[in-house]
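> Given the sequences, and given the hints that come with them, work out the whole structure.
First to last, the sequence lines map onto chains V and E.
One point on numbering: in our numbering, the residue at position 222 of the first sequence is 222, and numbering is uninterrupted.
Remember, our numbering sits 296 above the position in the second sequence when you count from 1.
Heads up, some of the hints might be wrong.
[As the list claims (entries may be wrong)] Dumping the calculated DSSO-like pairs for lysine-lysine here, alpha-carbon to alpha-carbon at most 30 Å:
{"no.": "1", "chain 1": "V", "residue 1": "K39", "chain 2": "E", "residue 2": "K314"}
{"no.": "2", "chain 1": "E", "residue 1": "K350", "chain 2": "V", "residue 2": "K152"}
{"no.": "3", "chain 1": "E", "residue 1": "K350", "chain 2": "V", "residue 2": "K149"}
{"no.": "4", "chain 1": "E", "residue 1": "K375", "chain 2": "V", "residue 2": "K152"}
{"no.": "5", "chain 1": "E", "residue 1": "K329", "chain 2": "V", "residue 2": "K266"}
{"no.": "6", "chain 1": "E", "residue 1": "K314", "chain 2": "E", "residue 2": "K350"}
{"no.": "7", "chain 1": "E", "residue 1": "K375", "chain 2": "V", "residue 2": "K39"}
{"no.": "8", "chain 1": "E", "residue 1": "K350", "chain 2": "E", "residue 2": "K329"}
{"no.": "9", "chain 1": "E", "residue 1": "K314", "chain 2": "V", "residue 2": "K152"}
{"no.": "10", "chain 1": "V", "residue 1": "K152", "chain 2": "E", "residue 2": "K329"}
[To be verified] Negatives, chain E to chain V, calculated, CB over 12 Å:
{"no.": "11", "residue": "F305"}
{"no.": "12", "residue": "D306"}
{"no.": "13", "residue": "K375"}
{"no.": "14", "residue": "L387"}
{"no.": "15", "residue": "R391"}
{"no.": "16", "residue": "F395"}
{"no.": "17", "residue": "A398"}
[Claimed, not checked] Listed next, with one range per pair, are the computed distances between beta-carbon atoms:
{"no.": "18", "chain 1": "V", "residue 1": "R21", "chain 2": "E", "residue 2": "A378", "range": "55 to 63 Å"}
{"no.": "19", "chain 1": "E", "residue 1": "P357", "chain 2": "V", "residue 2": "I203", "range": "48 to 56 Å"}
{"no.": "20", "chain 1": "V", "residue 1": "R92", "chain 2": "E", "residue 2": "G326", "range": "27 to 35 Å"}
{"no.": "21", "chain 1": "V", "residue 1": "L267", "chain 2": "E", "residue 2": "D313", "range": "47 to 55 Å"}
{"no.": "22", "chain 1": "V", "residue 1": "A49", "chain 2": "E", "residue 2": "A322", "range": "52 to 60 Å"}
{"no.": "23", "chain 1": "V", "residue 1": "E237", "chain 2": "E", "residue 2": "W324", "range": "23 to 31 Å"}
{"no.": "24", "chain 1": "V", "residue 1": "R92", "chain 2": "E", "residue 2": "R298", "range": "41 to 49 Å"}
{"no.": "25", "chain 1": "V", "residue 1": "A244", "chain 2": "E", "residue 2": "G401", "range": "26 to 34 Å"}
{"no.": "26", "chain 1": "V", "residue 1": "E237", "chain 2": "E", "residue 2": "G326", "range": "48 to 56 Å"}
{"no.": "27", "chain 1": "E", "residue 1": "D313", "chain 2": "V", "residue 2": "D37", "range": "46 to 54 Å"}
{"no.": "28", "chain 1": "E", "residue 1": "A330", "chain 2": "V", "residue 2": "D84", "range": "24 to 32 Å"}
{"no.": "29", "chain 1": "V", "residue 1": "G143", "chain 2": "E", "residue 2": "D313", "range": "38 to 46 Å"}
In short, the hints are calculated from the structure, not lab data.
Heads up, the beta-carbon is just placed ideally off N, CA and C, and yes, glycines get one too.
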Amino acid sequence: MTDIAFLGDPAIKAQALTRLRSHVAAGTFVIFPAWEDGKANVIGALVEADDKQAFADQYGYPIAFTTALEMIVNAFRAVPAAQDFVGALLERTPVGADLSRVVPQVLDYLLERPDVATLTARHVELEICRCSVLALHQRAIAGETPDRKEWKSARLAAVATSDTITDDAMARLAGLIVEAAAWPATMRTVLHDTLGACGRLEIQQMMDVMGWTDADESRVFKIREQAEVDGRMAELEGLDRVLALLDADDPELARGFRERLEQFGKLGDFYRTVGWKVIDLSEQAPLAASTRENVA
Amino acid sequence: MRNATEQDFDDIVMNNDKPVLVDFWAPWCGPCKALAPTLDELAEEYAEEMEIVKVDIEANPALATRFGVRGIPLLMVVKDGAEQARTFGTLSRSRLDAFVEANVGAA
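Here it is in structure tokens:
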């Protein structure tokens, strides 16, 4: 039963919740690894293996969502927040909900983001590509199944168009989002790749706002690398050492690097928002016909 | 999807009637592992047009040397016994599709 939440069986939902709660109670729920030495992340906790396909098969979540799930859950960073999110996902997904339109709805949301649309609008061809990919997802949401050749044509056009944009880095990043999203929602990596492309755009937007450049990043790397060679401040470790080195060598760079760290700490916001959106959409998804008949 | 070794590479890849997408990988390579499900999908989609063959460079270092493999994952298209194109590193599914489309042809 593809994309039918918990395969329409309340006992499967109960099993999922039991498995999650037992890991939470034992303190073995982790962000990483997926499944090792009794420790488990969202995938491992529910299927007792590092197996996303098994997660999709056993619990009825779309494979494209399952493939992106670790990326979303990892954005919660702290284990308690990740646990709460996974618990909410399971609890708020109704048994028997038809989840087949959740991924196209999320892709539609990502392609309609105002910042993405503003960037694609700078280049007529790219905007046409965004609209054509969006239209395919909207047809899927409406229950149609666009032909595979239509997807391919939209996708190749998007890749070719992105490649023509050589003088506008931000629009090119928006183009990468469009091309990543140009797959039917049944394709396993479509949401993962699209979220990844959105993440890259967000990082660049943040770096632009801060005025932090690749040259700054490179300078930090070189100072750190040199310290590894000459052993400076070896009494310190990790980030503390990097910051101490920067304070000593280049206080202005140190200030910028601290701001970069602070801003990057907020990057997970976007993934978390998408995660909660998936829960909202799953909660609102219609019950599958077979489930409705059983209920009646 | 077949695996090729130093012994059978020429038979499987260079003398293949179809174009071949060679995936140079190693067991310790995380990005190679991440690419594997995508290649599985690609193999199904392009079953008529091409074959995908995997080469473990750890077990077959002479093949890595022969083709100048300096980093993995490395994907190489071989057509009519000659290298047609190569791409290195992680690639989005869309970029991979465009790469195959450009060098192998329509699925």
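> Could you run down the list of hints and mark each one as holding or not?
Hints, one by one, checked against the model:
1. K39(V) to K314(E): violated (45 Å)
2. K350(E) to K152(V): Satisfied, since the Cα-Cα distance of roughly 25 Å is no more than 30 Å.
3. K350(E) to K149(V): holds (28 Å)
4. K375(E) to K152(V): holds (23 Å)
5. K329(E) to K266(V): Within the cut-off at roughly 29 Å; holds.
6. K314(E) to K350(E): Roughly 15 Å separates the two Cα atoms, so the pair holds.
7. K375(E) to K39(V): violated (46 Å)
8. K350(E) to K329(E): holds (12 Å)
9. K314(E) to K152(V): The given pair, whose Cα atoms are some 22 Å apart, holds under the 30 Å limit.
10. K152(V) to K329(E): With Cα atoms ~25 Å apart, K152(V) and K329(E) stay inside 30 Å; holds.
11. F305: Given that every Cβ of chain V is farther than 12 Å from that of F305(E), nearest at about 29 Å, it holds.
12. D306: holds (33 Å)
13. K375: Non-interface label stands for K375(E): nearest chain V Cβ at 20 Å, farther than 12 Å.
14. L387: With a cut-off of 12 Å, L387(E) comes too close to chain V, as the shortest Cβ separation is near 10 Å.
15. R391: violated (7 Å)
16. F395: Violated: least Cβ distance 9 Å, not greater than 12 Å.
17. A398: Check fails; 9 Å does not lie beyond 12 Å.
18. R21(V) to A378(E): 55 to 63 Å: holds (58 Å)
19. P357(E) to I203(V): 48 to 56 Å: At 37 Å between Cβs, range violated.
20. R92(V) to G326(E): 27 to 35 Å: Given about 33 Å between the Cβ atoms, the range holds.
21. L267(V) to D313(E): 47 to 55 Å: Because 49 Å falls inside the window, the suggested range holds.
22. A49(V) to A322(E): 52 to 60 Å: Since the Cβ atoms of A49(V) and A322(E) sit about 23 Å apart, the hinted range of 52 to 60 Å is violated.
23. E237(V) to W324(E): 23 to 31 Å: Holds - the Cβ-Cβ distance for E237(V) and W324(E), about 26 Å, lies within 23 to 31 Å.
24. R92(V) to R298(E): 41 to 49 Å: holds (45 Å)
25. A244(V) to G401(E): 26 to 34 Å: violated (57 Å)
26. E237(V) to G326(E): 48 to 56 Å: Hint violated: Cβ distance 24 Å, outside 48 to 56 Å.
27. D313(E) to D37(V): 46 to 54 Å: Taking Cβ atoms as reference, D313(E) and D37(V) lie about 48 Å apart, which means the hint holds.
28. A330(E) to D84(V): 24 to 32 Å: holds (28 Å)
29. G143(V) to D313(E): 38 to 46 Å: Given range 38 to 46 Å: holds, Cβ gap about 42 Å.
In this structure, the earlier hints numbered 1, 7, 14, 15, 16, 17, 19, 22, 25 and 26 are contradicted, and the remaining ones agree with it.
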